[in-house]
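Enquirer: According to this note's numbering, the sequence shown is numbered sequentially starting from -19.
List time: in silico DSSO-like cross-link candidates among lysine-lysine, alpha-carbon distance up to 27 Å:
no., residue 1, residue 2
1, K54, K15
2, K38, K15
3, K15, K81
4, K15, K46
5, K38, K81
6, K81, K46
7, K34, K54
8, K15, K34
9, K81, K34
10, K46, K34
Keep in mind that the hints were calculated from the coordinates and are not lab data.
The structure presented is a predicted model; accordingly, all values stated were derived computationally and were not measured.
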Amino acid sequence: MYNRIDVGLEAELFSFSSTHTAFIENISEYGLYAKVASDRNIVSDNQHSCLNLKLQLKSGNFFNLKCNRIWSCKNTAHSMIERMGFQIIDPPDAYIDFYHKLSAGKIYRLTVE
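Construct the entire structure; sequences and hints are all you get.
Expert: In structure tokens:
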């Protein structure tokens, strides 16, 4: 099990030909949990859909992450919010370094302003 770190970061989720705003609630070295706003299903029924996620940091830096959707759910069939769990495929070294600094307490509170 990977150590999860609570964050409050905004991201863009690129799914096929559409882009959605995502809110990252927590991250691990190889995964993340997000809430995504959309008026339709974001991905097909294929459980392990490959998506791209652009994670924006407060500093202005960002990470482009290639991800597999591991799970997703909505509270109701008509909900505008879809909760999703992602596996990060081959995370970039800069992301791994960021995660380790965050988990060691070398980077403090991350939230969207």
